[in-house]
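S.K.: So you can see what is in the structure, the chains are spelled out below.
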Amino acid sequence: MRQGVIEENAGGMWLWLLQRLTAVVLIVGLAVHIVATHVLNLGELSYDNVAGRLAMPLFVVVDFALLGAGIFHALNGLRMVLLDYGFSGRSKTMLSWGLFVFGVAAFGYGAWALWPWLTA
Amino acid sequence: MSQKDRETANVGAGLWKGAGMWAWLFHRVSGVALALYLFAHIWVISRGAATGAEGFNTMFETLESPLFIVLDLFLLAAVVYHALNGIRVLLFDLGVAIRQQKTLFWAVIAISVVVMAVFAYISLSFIASHGA
Numbered sequence: 609m610r611q612g613v614i615e616e617n618a619g620g621m622w623l624w625l626l627q628r629l630t631a632v633v634l635i636v637g638l639a640v641h642i643v644a645t646h647v648l649n650l651g652e653l654s655y656d657n658v659a660g661r662l663a664m665p666l667f668v669v670v671d672f673a674l675l676g677a678g679i680f681h682a683l684n685g686l687r688m689v690l691l692d693y694g695f696s697g698r699s700k701t702m703l704s705w706g707l708f709v710f711g712v713a714a715f716g717y718g719a720w721a722l723w724p725w726l727t728a
Numbered sequence: 347m348s349q350k351d352r353e354t355a356n357v358g359a360g361l362w363k364g365a366g367m368w369a370w371l372f373h374r375v376s377g378v379a380l381a382l383y384l385f386a387h388i389w390v391i392s393r394g395a396a397t398g399a400e401g402f403n404t405m406f407e408t409l410e411s412p413l414f415i416v417l418d419l420f421l422l423a424a425v426v427y428h429a430l431n432g433i434r435v436l437l438f439d440l441g442v443a444i445r446q447q448k449t450l451f452w453a454v455i456a457i458s459v460v461v462m463a464v465f466a467y468i469s470l471s472f473i474a475s476h477g478a
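In order, the protein sequences belong to chains F and V. For what it's worth, our numbering labels the leading residue of the first sequence as 609, then goes sequentially. For what it's worth, our numbering labels the leading residue of the second sequence as 347, then goes sequentially.
A hint or two may mislead.
[What the hints assert, rightly or not] From chain V, some residues computed to sit far from chain F (all C-beta separations above 10 Å): (1) Gly366; (2) Leu413; (3) Val416; (4) Leu417; (5) Ala423; (6) Ala429; (7) Gly441; (8) Ala443; (9) Thr449; (10) Ile457.
[Said to hold, decoys possible] Residues on chain V that point at chain F, a partial pick, calculated with CB under 7 Å: (11) Gly377; (12) Ala395; (13) Glu410; (14) Phe472.
Simulated from the structure, these hints should not be mistaken for laboratory data. Backbone N, C-alpha and C define an ideal beta-carbon position, used for all residues, glycine too.
Make a model of the complete structure from these sequences and hints.
M.R.: In structure tokens, the structure reads:
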């Protein structure tokens, strides 16, 4: 193994663990989300229909859990794919920070998108 | 086949003969598709905050048209496969059933087909009863 490979990848274990934990959150959360939204309310989706669900604390928790876990799992997954195509050293650090900043921004944007229903 | 032939047969191409390689490839392709979809989905939902109730409702008339409901089935197929194969990978990480990986891949495919049949039935009967 090339010298320094272990040190260079320190911290990867936590990302690996978080990818598994968010996977579990997504499996449970998406089951609730898909059945509640796209089966039980099929054909009924509208602004007021969403408002009705988000009046229930359960769906506020599910939606924010899906937003956070989904963004992390998606971006960390894309990072794993991209790392197979020659990112190392400085370009790898920039990729990781770029995805981190994008993820935080996407979470903020998603929270802003839900805000009108939460404050209605 | 001699021991030597067995070792060198299908080098390279041989990788693509294994169920595990297909499981990995489908997981990756569905994962990239779902990652891109997630950000499109966040943008679509943000139209409520950006344009208000009326614009949101007009958009959802399109999103619940027969075409988009059928497209949703392809999206759901990616979700179901990625979730089930994800459970398969989680089991391997826990050291469970690694030697049964091929059987588990076919179990993932079989359960995906059953789940998709149920959702296809729900979706197509909705389209049939509400008209195009």
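S.K.: Compare the structure with each hint and give your call.
M.R.: Status of each hint after checking the structure:
no. : hint   : verdict
1   : Gly366 : 17 Å, holds
2   : Leu413 : 14 Å, holds
3   : Val416 : 13 Å, holds
4   : Leu417 : 12 Å, holds
5   : Ala423 : 12 Å, holds
6   : Ala429 : 5 Å, violated
7   : Gly441 : 14 Å, holds
8   : Ala443 : 16 Å, holds
9   : Thr449 : 21 Å, holds
10  : Ile457 : 13 Å, holds
11  : Gly377 : 5 Å, holds
12  : Ala395 : 5 Å, holds
13  : Glu410 : 6 Å, holds
14  : Phe472 : 5 Å, holds
Violated hint for the displayed structure: number 6, the only one.
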